[in-house]
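2 protein chains.
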Amino acid sequence: MAREYAVIGKSIPRVDSPGKSTGESQYIADMALPGMLYGKLLRSPHSHANIINIDTSKAEALPGVKAVITGKDTLGIKIGPLRSSRDRQPITVEKVRFIGECVAAVAAIDEDTAEEALDLIKVDYEILPAVYDPEEALKSGAPQIHAHSKDNLSLSRYWNLGDVDVAFKEAAYVREDVFTTPAVVHGHIETDGCIAQWDAAGRLTVWATTQVPFYLRRDLSFVLDIPYSKIRIIKVTVGGSFGGKTEMFDHHLAASVIAKRTGKPVKIILTKTEEFIAGLRRIPTKMWMKMGVKKDGTILALESKIITDGGAYMSVGPVTIYNHGLAHMLPYKVPNFKHEALRVYTNNPVAGPKRGHGQIQVRFAIESQLDMVAEALGIDPVDIRLKNALHTGDVTISKLKISTSGLEESIKKCAEGSGWSEKRGKGNGIKGVGIGSGGFACGPRTAALSDSSAIIKINEDGGAIVITGASDIGQGSSTILAQIVAEVLGLTVDDINVVSGDTDTTPYDPGTYGSRVTFYAGNACKMASEDIRSKLAAAAAKKLEVKAEDLVFRDRWVYPRQHPDRRISFAELVRMVQVSSAEGVLIGKATYYPAGVDWPDPKNSYVGNIADAYSFASQVAEVEVDPETGKYNLVRMTMGDDCGYPINVMSAEGQVEGSVSNGQGELMCEEVELDEGRVCNPGYRGYQMPRSLDTPEMKTIHIETNDPNGPFGAKEVGEGFIISTPGAIANAIHDATGVWIKDLPITSNKVYRAMKEAREKGGTGQ
Amino acid sequence: MAREYAVIGKSIPRVDSPGKSTGESQYIADMALPGMLYGKLLRSPHSHANIINIDTSKAEALPGVKAVITGKDTLGIKIGPLRSSRDRQPITVEKVRFIGECVAAVAAIDEDTAEEALDLIKVDYEILPAVYDPEEALKSGAPQIHAHSKDNLSLSRYWNLGDVDVAFKEAAYVREDVFTTPAVVHGHIETDGCIAQWDAAGRLTVWATTQVPFYLRRDLSFVLDIPYSKIRIIKVTVGGSFGGKTEMFDHHLAASVIAKRTGKPVKIILTKTEEFIAGLRRIPTKMWMKMGVKKDGTILALESKIITDGGAYMSVGPVTIYNHGLAHMLPYKVPNFKHEALRVYTNNPVAGPKRGHGQIQVRFAIESQLDMVAEALGIDPVDIRLKNALHTGDVTISKLKISTSGLEESIKKCAEGSGWSEKRGKGNGIKGVGIGSGGFACGPRTAALSDSSAIIKINEDGGAIVITGASDIGQGSSTILAQIVAEVLGLTVDDINVVSGDTDTTPYDPGTYGSRVTFYAGNACKMASEDIRSKLAAAAAKKLEVKAEDLVFRDRWVYPRQHPDRRISFAELVRMVQVSSAEGVLIGKATYYPAGVDWPDPKNSYVGNIADAYSFASQVAEVEVDPETGKYNLVRMTMGDDCGYPINVMSAEGQVEGSVSNGQGELMCEEVELDEGRVCNPGYRGYQMPRSLDTPEMKTIHIETNDPNGPFGAKEVGEGFIISTPGAIANAIHDATGVWIKDLPITSNKVYRAMKEAREKGGTGQ
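The listed protein sequences correspond, in order, to chains Y and E. Position one of the first sequence corresponds to residue -5 (my numbering), numbered consecutively onward. Position one of the second sequence corresponds to residue -5 (my numbering), numbered consecutively onward.
Keep in mind the hints are simulated off the structure, nothing from the lab. Quick caveat: nothing in here was measured; it's all calculated off a predicted structure. From the three backbone atoms N, C-alpha and C, an ideal C-beta is built for every residue, glycine too. Warning: the hint list may mix true and false statements.
[Said to hold, decoys possible] So these bits of chain Y aren't anywhere near chain E, every CB distance computed over 10 Å:
1. Val9
2. Pro221
3. Lys224
4. Asp377
5. Asp496
6. Lys537
7. Glu543
8. Lys583
9. Asp620
10. Cys663
11. Lys744
[Unchecked claim] Residues from chain Y that keep clear of chain E, each with C-beta distances beyond 10 Å, as calculated:
12. Tyr21
13. Ile73
14. Ile581
[To be verified] Restricting the straight-line Cα-Cα distance to at most 27 Å, the calculated cross-link-like pairs of lysine-lysine (DSSO-like) are:
15. Y/Lys529 with E/Lys406
16. Y/Lys14 with E/Lys254
17. Y/Lys395 with Y/Lys529
18. Y/Lys116 with Y/Lys420
19. E/Lys289 with E/Lys406
20. E/Lys14 with Y/Lys254
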C-alpha cells in the first residue's frame, strides 16, 4: 500500500526527550513545596496477625514529628482498583495479611526524623497462623485470611467453548505438562511516591508518578469520602512503571490524611526495598496445560487449569484472571477450549498487573508445549505456527474478531530474517534457535468507563494544543498523539503542544495500561482534529472554489490535490475562519470508544469481542549455551512486528526492544524469592535483571497491516512481544540442549541440572 | 418577574475567598523557581533623547550579575496592544520618548545586586527638545516624537450623526463649557511582575499577574518571533489591576530574553514608583462640550472636541478614542451628534485603559453640563434625566440597540431611596445632593477575535470542571461562571471547580477588560452546560418516561416538573449516561460571540451596534461641605443598578461599591502631577486616593431587567457607575455651594477658591 503520510510512520524524536536528556524534567522525588513534610510508612513484620494495640505516643513526642496516623485515623474504607475488588484498607485497621502491609504513617520535618519515629511506634500483634502456598490455602482447615472468603479463594473463572473432550478423542497427539512461573517485579528505576496538599478551599492536590491519574482521583475520592471535584491529580514525569503504578496505594492515602491533619504538604517517596516488599508483583502461577493436535499439527483443543498466588489482596485480580483465558485465544486458532483459573488469597505480598499482564505465563507454557508437540510430530516449529495462525477476518471461538493479522507474514519474515532454516537443529549442542508468537488486544475493555477523550485548540497563529487525559509514562504517547494531530491538520510535530495527565485540565481517560493509549487516545485525537479540519476545509473550499474533499492539508499548507500551486497557508486559513467567520475559535473535541467491542460475561467464558483490534508478534531467539555449565546467552533476537502501521517507527522499535528485554529477564533470571511471606531479595543486587551487556543483537522487521479501526491503521505495540519472548528463548535453549525446562526462570543452573539429568538418563543433553 | 433560580441571584461567597483570606493564594511576588534570577530595568531619566551609546561592561563585571541586555539584544520589533498601535519597542533601541522608558535590563542573583548593576550601566544620551502639552505638540515646529507622525497626532476620529447645526438653531437653550481631566493611575496594591522560564524543548512559560494571558502570548510571540505553541502564559492570582495589566510590557520581554540567554528563570517585579513612572495611566483630556436642548430639557444635540495627551506611545489609543465617542451615546437619547477627538503624542508617560476607559471624562462633562442646563431652565436634575433616558428597544443615532434599559427606574428609585426631593436645594450651603447616570456596553467589540469559549467536563461522580480562558482578576468571574454552570445543571457551586487563565489548558479568551467577562464567558459557560444538560435530559426523559423539556435540574436531582418525587440523582444520571450509553464521557464546549454585534467603521462615526447589551446606572451623591474651607465629604451614595439580573448579588454590590469608590477618588483627589514629563508624586503618599474612612455610606438598589442576550438576563456591572460618579458628586457640590468646577480633581482647595471667587463676584457662594 502506498503511504503518503508527512508525519505518521516516521522516526520522530520524542517530545519529552529534551527535558529528560537535560535532567530538566521534574520527577516526584525532585519536587518540593514550601513547608513540606516528609512521610514514612510503618509496615508489618508479620505475614498474618491481629493488631491488638498501636502506641504512637513516643513517636509523636519525638521533636520534628508533626503527625502519626494509624488505620483508625482513616475512614477504614476498603478499596481495590475495581469495583469488585474492594478488599483492602490502604492502612489496615485490625489485621495485617502480609509482611509489608502498612499499619501506620508518620510525617516529620525531614526523612531521617520520620524514619526514626517509625521505630518508636509500638504495635502489639497477635500472630496468626499463615499460609503461603495457594494449593495449601485452598485446603479445608487452612488459616482463613479474609472474613468474606472462607476457602481463601479470591476468584475463580471457567471457560468452556466447543467440546474439548470430543476434540481430545479426535486428536492424533495429546500431551499434558505442568508449568510454573514465579513472582517478578516491574523493575522500573523510579520508586513510587507522591506529594499531597490541601488548599484553604478544601481541595486536595496530589502530584504523583502514576499511570492512572483519573483512577487515583476516583479511589482517593472513595477512601476520603469527598467529591471528585475536590481532588486534583497531577501526573508528573514517570520514571518507569510497566503496570506497577496503576492503583491508589497506602502512601497516597497516608500523605493525603496527614496533609489534611497538619495543613502542610506531605511527600512520601518509597524506597526500592519498600517497593519490593509492599508493591505489586506479577502473579505466580502453576499451570496444568493439555494440548491436542491433528497429525499435521493443527490445534484441536486446549485445556488448562491455572492456580495463582494472588497474595493477601485482590488488586486487579478480575482482569488478571480474564487475561489468563484470553492468552489462550491468541495468536492461534483454538476450536475447543476449556479452562479453569483459581486466584487464591495467601499471606504473600499482593499480585497486580505487569506488562503482558496475566498472559506471559500462559504464552510461555503454550509456546513451549507447541514446540514439544511439533517435535513429537516431526514438524518444524515455524510450520506448526503457520498452520495455526490467526488471519485477518478470523473470529476466535470466544468471538474475538481479528480485524487484521500480520501473523503469518511475521512468522515467515522473522524466520527468514533470522536464518531459521540454516540454524535450526544445527547448533552442535551450543547454539540454538527458537520461535515464539503472540497476539495482544488493543485496550481490552476492563473498566466501566473506558472512553478516551481529546480536546484540541487551534492557536491564533495556526499551531495547536492537544489536551488529553492520556498519560505519557515514558512510552511516548504525547509524541504519538502530536503526530496524529499534525498529520490530520497538515502541521509538524513542532507546531503541536500536548497537555496531558491532569485531572483538572484534561478530559477523562482511564489511564495508561493494557496497550490502550495509541488506540483509544489516538483515535480520539484523530477524530477531534478531523472535526477541526472539516471546518477549515469548508472555508478553504469556498475560498479556493474547489470541493472540500479534494483538499490536501500538508506542511502547513492547504491546497487542492490537483493544484498544489493554488494554496493557502494553514495559519492564514485559521485566521480567516477564527476572525472572520461565524465559526470563531476553533476547538475540536471527541470521545473514542470502540464500537465493535462487547462487554463479555465472566460467567459465560467471556464470549465477545474484547477489543477492536489485535496486534501480532513473532520472534526468533538465538542462544549460545556453554554445555559444561549450562550458562547461556541470548545472542540475537529477530522480531516480526505487526503493530498495524507504526505511527513512530523509532518509538515502535523501542517498545518492541524493551518488551523483548523484559521477557528475556523473566525467562532467564527474574524471581522474587519468598520465604514464609518474606521477600528474600528486596533489591536489584539480589533480584537479577538483564543489563545492557546482556541485551542481544535485535532486529525489528515491520509487518505492515493497516487496521481499519486503528488511528492511521495503528495497533498496540510491544505487549505481544513480552508475552512470547520467554517461549521463544525456552525453545531456543531446547534447540541447543534438547532439554525442556517448564519452571521459570530458566537459570543457567536449571539448564545445567536438566542437561545433567538428561545425560544421566542416557540422553545427550541434546 | 418570578424567579426560581437555585444558585443565580444569590449572595454566594467567592470561590477565591478561602485562598485570599488565609494568605495561601500565590501572587507573583510570592513565587520562586529553583535557580531563579532577579531582573531590574534601567529607565530613561530623559523625556526625549537619542541613545548614543550604552556601555554595560561595568555592570556585567559586577559579581552576581548574570546578564545585561539592551534593546539591541532584542529583535527591536515594535508592538502595541492593537494591530494598529504597534509603535513601541518594549526595550527601546535608538531613542527614548518619556521619562521611565526602558533602555536596558539586568538579571542577578538577588535584587540588590541587580539594582546596583543598574547604576553601573552608562548610557550616553543626546537630549532632544521635548513637548508635554498636547496642544503645543500639534503646533508646527513642535519637536517630532515619532518618525511616522510628523504632527505628533497619534489618532483622530470624527463622528457626525444627524445635523447638529440645524439642531442647535432649533434649541431653546445652548451652552458650551470646557472641562479638563488629569492623568490618574489604577491604584491597585500589587505591582506588575512576571517570571519567565524556558524549557529544554524551547518553550517559554511566563507566570504573570495579567488581565490578558492570551494577548500576552500573542504579543510575546510577535516580539520574540516564535510561534504561539512555544509560549505558555499562566495568570497567577492578581492583586488588583483595573485596566493596568492589559498589555505586554517591557518587563515581560526583558524577563523572557534574559531567561533565554541565561538558561535560568528570571523574575521581575516592578516597584510602585516604577509603575507610577512607567506604567499606563488614564488619559488626560481637554473637552470642549456644547449641548442644545428644548425648553423642556430634551437634548437636541451634542457637539464636542476632545484633545487628549496620549503620551509617548499609542497603547490602546484606538479603543480609548472610540470610547470618547461612545460615552456620548449612553445613557441618554442624543438625536444629533458631532464629535472630534484628537489623541496626541507627547513626551509624557503613556496613557492606556482604566476602568471606565475613555468614558469617565466625557460623562463627567456631560453629567455636569446637563445639570447646568437644568438649572438654567429650572428643571429638576432628576426630571431632565428622565426626559432623556434611553429605554428598552431604543436605538441610538449610532445604532446601538438597547435590548433592555432599567435607566428610568434606576433614576426614580435612587432619587426616592436617597430622599432626593426632601434634600435637593435645601442644604443650607453645607449639604448637597447630586445625581449622575451612566450606561455601559457589555464587552464592546474591540478585538479581532472577541469570542469566549468554555469547556465543561463532568466528573464521574457528577461534579463538574469548568475550563475557561476568562481571567478572574479579583472581580469574581470564577464564582460567577461556577454559578452559571451550577444553575444549568442543577448543582451547587461546591460541585464545580473552575480552571482559568492558562493559555495551554484553557480555551481562548481575549481577557478581562471592557466589562465583557460575565457576558461573553458567562454565555459560553451557559451554552456548554446546556449542551451537557440536553444530553442528560434525553437520557433521563427516556428513563423516567417523560418529555425532556419537562425536566427540572435542581439541587443535584433531576425530576419532572409536575412529579418531583419521580426523581433521579444527577450523579446517578451521569453514571448512567457515561458508562452505559453511546454518549460516553460528557464534555460540553461552546464558543460565544454576540450575534447582534457589528464591526463599526471608525471612518463612519462607528455606526453599528458595538455590544449585545448595555447596562444602566444612576446614583445620588450626598455631600457635606465646610463653607469656610471648601473641605467636603462624600457622605452617602445611593445607587440604582441595572445590571440585568445580578448573578451574584454580593459580588454585584461589590463591583458597584468599588466603582463608586474609584469614581470618588477621581473626582475628589486623584491626579498624577507631571512637571516636564516627570511624575512628581510617584507613590501613594503624594498620590491621594480615598481610604476606608473616606468611603460613604452606600446603598445599592437592584433594578432588575432581564436582558434576553445576557446569561440568565445578566449584564455588566460596575463600569456604568464609575463613569457617572464624578458627575453625581460634582452636581452635589454645586447643590451645596452653587459653584461649578470643571477641572478634575475637585479638590477642597478648588471648592474654596471657587466659593471665594463667587462671593467676591457678589454671589453667595451658593
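Status of each hint after checking the structure:
1. Val9: violated, 7 Å
2. Pro221: Violated, since 5 Å does not exceed 10 Å.
3. Lys224: Given a closest Cβ separation of 8 Å, the condition is violated.
4. Asp377: At roughly 45 Å from the nearest Cβ of chain E, aspartate 377 of chain Y sits farther out than 10 Å, so the non-interface label holds.
5. Asp496: Aspartate 496 of chain Y is in fact no farther than 10 Å from some Cβ atom of chain E, at 7 Å.
6. Lys537: holds, 18 Å
7. Glu543: The claim stands: glutamate 543 of chain Y keeps its Cβ more than 10 Å from every Cβ of chain E (closest is about 26 Å).
8. Lys583: It is violated; lysine 583 of chain Y is separated from chain E by about 6 Å at its closest Cβ, not greater than 10 Å.
9. Asp620: holds, 46 Å
10. Cys663: holds, 36 Å
11. Lys744: holds, 46 Å
12. Tyr21: holds, 14 Å
13. Ile73: About 15 Å separates isoleucine 73 of chain Y from the closest Cβ of chain E, which puts it past 10 Å; holds.
14. Ile581: Answer for isoleucine 581 of chain Y: violated, closest chain E Cβ roughly 6 Å.
15. Y/Lys529 with E/Lys406: Roughly 51 Å between the alpha carbons, so the hint for lysine 529 of chain Y and lysine 406 of chain E is violated.
16. Y/Lys14 with E/Lys254: holds, 19 Å
17. Y/Lys395 with Y/Lys529: violated, 34 Å
18. Y/Lys116 with Y/Lys420: violated, 64 Å
19. E/Lys289 with E/Lys406: Holds. Lysine 289 of chain E to lysine 406 of chain E sits at ~22 Å (cutoff 27 Å).
20. E/Lys14 with Y/Lys254: holds, 19 Å
When the structure is compared with the earlier hints, violations turn up for hints 1, 2, 3, 5, 8, 14, 15, 17, 18 and for no others.
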